[in-house]
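Asker: So the protein lines, in turn, are chains A and B. Going by UniProt numbering, the first residue of the first sequence is number 1, and it counts up by one from there. Going by UniProt numbering, the first residue of the second sequence is number 1, and it counts up by one from there.
Just to be clear, a hint being listed does not mean it is correct.
[Stated by the list, open to error] Just the calculated beta-carbon pair ranges, DEER-fashion:
1. E133(B) - E111(A): 37 to 45 Å
2. R131(B) - F143(A): 28 to 36 Å
3. E68(B) - Y30(A): 16 to 24 Å
4. L10(A) - N148(B): 33 to 41 Å
5. K142(A) - Q22(B): 27 to 35 Å
6. R47(B) - K103(A): 34 to 42 Å
7. Q140(B) - T33(A): 22 to 30 Å
8. Q22(B) - E136(A): 25 to 33 Å
9. Q8(A) - R131(B): 26 to 34 Å
10. Q22(B) - Q9(A): 38 to 46 Å
11. D38(A) - Q22(B): 15 to 23 Å
12. R144(B) - D38(A): 28 to 36 Å
Just so you know, the hints here were simulated from the structure itself, not pulled from any lab data. The model shown is predicted, which means the values in this text are computed figures rather than measured ones. Even glycine gets a Cβ: it sits at the ideal position worked out from N, Cα and C.
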Amino acid sequence: MASTSLRQQLSIMRQSFFDEGLLDHEQVSYLETLENEDDPDFIENVFTLFLRDSSRYIDSIEKALETNPIDYPIMERMMYRLKGSSASIGASKINGETNTLRKAFHDGDMESGKASLQKLKAEHATFKEKLVVYVEMLKQAKFSEY
Amino acid sequence: MLNLGYCKGSMSTASSGGVSDQFPVGLRVLVVDDDPTCLVILEKMLRICLYEVTKCNRAEIALSLLRENRNGYDIVISDVHMPDMDGFKLLELIGLEMDLPVIMMSADDGKNVVMKGVTHGACDYLIKPIRIEALKNIWQHVVRKKKNERKDMEQSGSVEEGGDRQQKQSEDADYSSSANEGSWKNSKRRKDEEEEVDERDDTSTLKKPRVVWSVELHQQFVAAVNQLGIDKAVPKKILELMNVPGLTRENVASHLQKYRLYLRRLSGVSQHQSGMGNSFISTQEATYGSLSSLNGLDLQTLAAASQIPAQSLATLQAAGLGRSTAKPRMPMPIVDQRNLFSFENPKLRFGEGQQQHLNNGKQINLLHGIPTTMEPKQLANMHHSAQSLGSMNMQLNAHGDQSGSLLMQMSQQQSRGQILNEATSSQVPRLPSSIGQPIVNNALASGVLARNGLAESGRGTGFNPVSQSSSTMNFPLNTTAELTATSFALGSAPGVPSLTSKGMFPEEISSEIKGPGGFIMPSYDIFSDLQHHRSHDWELQNAGMTFNGSQQSNSLQSNVDVASSVLAHQGFSSSQSNGQGRNISAVGKPMFSAGDATDHVNAQSLGQPLNNFFAENLVRVKTERVPDASLQTTLFNEQFGQEDLMSALLKQQQQAGIGPAENEFDFDGYSLDNIPV
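Let the hints inform the model, and build the full structure from the sequences given.
Answerer: Now the structure itself:
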């Protein structure tokens with residue numbers, strides 16, 4: 001069945017997120033419990049929001065770094081937001097990388113900071129790719145279920 | 001009863017889930033976070049808890065929502081980092097103006113930041129990612145707060161006749177919550193500061209028809225109370241003494257209640273120093289204790305103090321006072337103030353943060369000499385200012401007695417504020433540099449200050465020592481020390497140079513600093529504070545607001561003016577005339593929340609009604625000001641009433657440092673709903 005296979009695919013994909021450390025199992029499961037029939041799109045919405053905002057945050061961080069003088073307040077704010085949102089959805093790798101980034105900048109270590117930012121960007125790109133697919137599948141699964 | 005918990009004072013809203021059975025179902029939560037993802041998740045969780053949720057992604061928006069609908073929310077959950085305002089500042093403001101429980105949350109779990117939450121008065125601190133379990137029990141904070149309020153009220157009301165008690169209690173409830181809230185609802189730029197508190201009735205929870213407590217009327221009231229002795233002042237006798245046709249005992253009783261609350265807040269001190277139970281909140285303010293000591297300092301000291309960096313100040317205090325600064329409560333240090341108020345307890349004045357009535361303003365001028373120049377630079381100054389104020393007050397007392405008291409209070413407040421401010425010092429309130437100006441005694445200053453800690457009130461002489469500290473002034477800091485910001489420069493002392501540039505607060509100070517009720521806190525430049533986001537000062541805000549009015553003419557205007565101007569103006573402009581620039585930085589809470597603001601300085605009465613308004617207004621002003629803030633020529637930082645300052649500061653900073661980028665980066669264009677859903 002399409003729906004079964006779709007669900008299976010979803011399940012597999014979901015598991016792979018956990019296996020790869022991209023998403024935290026506990027946090028995601030937790031979020032899933034919050035979803036209910038009144039708001040079946042909760043998870044999708046949350047992921048979609050994250051994808052959109054995290055991209056912006058990272059772009060802002062980059063821009064802030066490039067301005068002269070460096071716009072630290074903005075950077076700090078963006079990093080902070082990224083930290084909070086990634087923690088909230090269980091995006092472990094991104095969260096970890098953001099922490100590293102923050103620490104580097106707080107310590108004044110620009111080199112490490114910049115390197116860390118690149119790493120973050122890469123992680124984020126990978127994560128985003130996968131998550132976008134996952135969200136799409138989620139949506140489809142909903143439709144195909146009925 | 002739980003219901004009470006929900007409705008502050010006025011049982012307004014049915015939605016408050018007044019049904020005890022269902023409580024906490026329907027708890028009205030306002031959640032503020034600039035990250036959409038977190039906001040959505042939180043909203044979801046809160047809805048699952050069966051709470052009524054309103055989301056918003058900007059602190060300013062949250063504030064305006066709260067102000068417009070003072071009783072529309074039971075609890076606020078806010079993130080620490082926000083683009084337009086520091087979460088702690090918001091926390092302080094909310095505490096001052098609306099007295100709602102606030103939970104802070106953050107992605108940071110660093111100890112320092114959590115501590116900050118504590119010192120600023122957050123009732124809880126959550127680390128992201130947040131779990132629903134953490135949210136399920138937030139209702140306890142609402143109940144707890146209500147309980148504490150009641151207790152306070154009862155204490156203050158105890159002195160009253162039994163009959164009044166009931167009345168008072170309810171009123172107190174109204175007032176206490178509203179007082180703090182400053183939201184006197186209509187604070188929307190109320191010019192009416194003078195109108196005083198009554199205005200707020202419209203929105204306020206009071207259900208009774210209110211009398212407009214004009215400055216004169218309030219002064220009469222205060223005089224009567226003083227004459228009778230605060231402990232013995234019962235509505236009936238007060239009414240007789242006042243001999244105002246058309247005034248009912250009930251009017252007096254309710255006003256008295258507020259006044260008491262106000263005093264209590266001011267004194268924050270351990271109780272009863274003045275006989276009131278002071279519910280000093282003294283949160284952190286250990287400094288307060290010190291402050292009081294300082295009062296005794298000479299002006300010189302003050303002057304010196306002003307210059308002294310906060311640290312020194314603390315030292316001074318410690319030395320002078322011998323008090324343990326750590327004492328959160330300041331036992332009304334202002335002894336001298338007694339003179340001023342004569343009735344009150346000096347403690348009240350200090351109201352730890354509460355706005356002091358200071359207004360005595362008369363002499364506040366004395367302070368003028370003191371270089372309030374505290375220059376925004378460091379809060380330290382503020383502290384000093386505060387201290388100075390304290391001292392000044394002392395001095396003033398000598399002089400004008402009234403002003404002195406006020407000042408003292410103010411100083412005290414300020415000191416407190418300053419101290420509290422922790423050194424936000426950067427901004428060092430602008431204490432009216434020119435203190436020289438005789439600040440109208442307007443009791444306001446004291447009142448206001450007291451309230452917010454501005455203590456400045458009243459100083460009549462432009463001394464707004466508060467100004468510097470203004471931010472620090474007394475803000476009642478709800479939270480805490482942050483006073484720095486709070487120190488509204490309430491300088492209410494009219495002369496007090498508006499915080500802005502001068503440091504002197506123009507008459508404004510005199511304006512209203514009314515005590516909790518109408519404090520018009522001189523607009524001191526809370527700026528310095530603002531920087532730090534001393535939300536505490538916000539209380540001063542009110543004060544600041546009021547100040548505006550008067551400022552204009554340096555001459556000790558009757559406070560009322562100040563207040564109005566302050567309010568109206570956001571404090572900036574008014575002071576201009578005096579150079580004061582009154583910044584009503586008093587952003588702090590609308591003054592007087594104490595509803596009773598009448599405390600202010602006896603007689604001096606600045607016209608305090610403003611206070612209440614101011615509080616609100618301040619807040620308002622602030623918002624308005626913000627754009628103006630930058631306009632202020634005077635130190636940008638300085639002027640503005642606290643609120644404004646804050647906003648201005650923030651803005652400024654943003655603009656300066658961040659540049660427009662803020663928006664760019666900040667996705668201000670988020671479509672997240674700011675508006676309550």
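Asker: Now, for every hint given, state plainly whether the structure supports it.
Answerer: Status of the hints after comparison with the structure:
For the pair E133(B) and E111(A), the beta carbons lie near 42 Å from each other, so the given range of 37 to 45 Å is met. Take R131(B) and F143(A): their Cβ atoms lie about 31 Å apart, and the range 28 to 36 Å holds. For E68(B) and Y30(A), the hinted distance range of 16 to 24 Å is not satisfied, since their beta carbons lie about 35 Å from each other. Separated by about 51 Å at the C-beta atoms, L10(A) and N148(B) break the suggested range of 33 to 41 Å.
A C-beta distance of roughly 33 Å is found between K142(A) and Q22(B), which places it inside the suggested range of 27 to 35 Å. In this structure, R47(B) and K103(A) meet the distance hint of 34 to 42 Å, their C-beta atoms being roughly 35 Å apart. Judged by the Cβ atoms, the range 22 to 30 Å given for Q140(B) and T33(A) holds: they are separated by roughly 24 Å. The given range of 25 to 33 Å is broken by Q22(B) and E136(A), whose C-beta atoms sit roughly 41 Å from each other.
Taken as a hint, the range 26 to 34 Å holds for the pair Q8(A) and R131(B), whose Cβ atoms sit roughly 30 Å apart. Between Q22(B) and Q9(A) the C-beta distance comes to about 44 Å, which sits within the given range of 38 to 46 Å. In this structure the supplied range 15 to 23 Å holds for D38(A) paired with Q22(B), their Cβ-Cβ distance being about 19 Å. Here the CB-CB span from R144(B) to D38(A) is close to 31 Å, well matched to the stated 28 to 36 Å.
The structure is inconsistent with the numbered hints 3, 4 and 8, although it conforms to all the rest.
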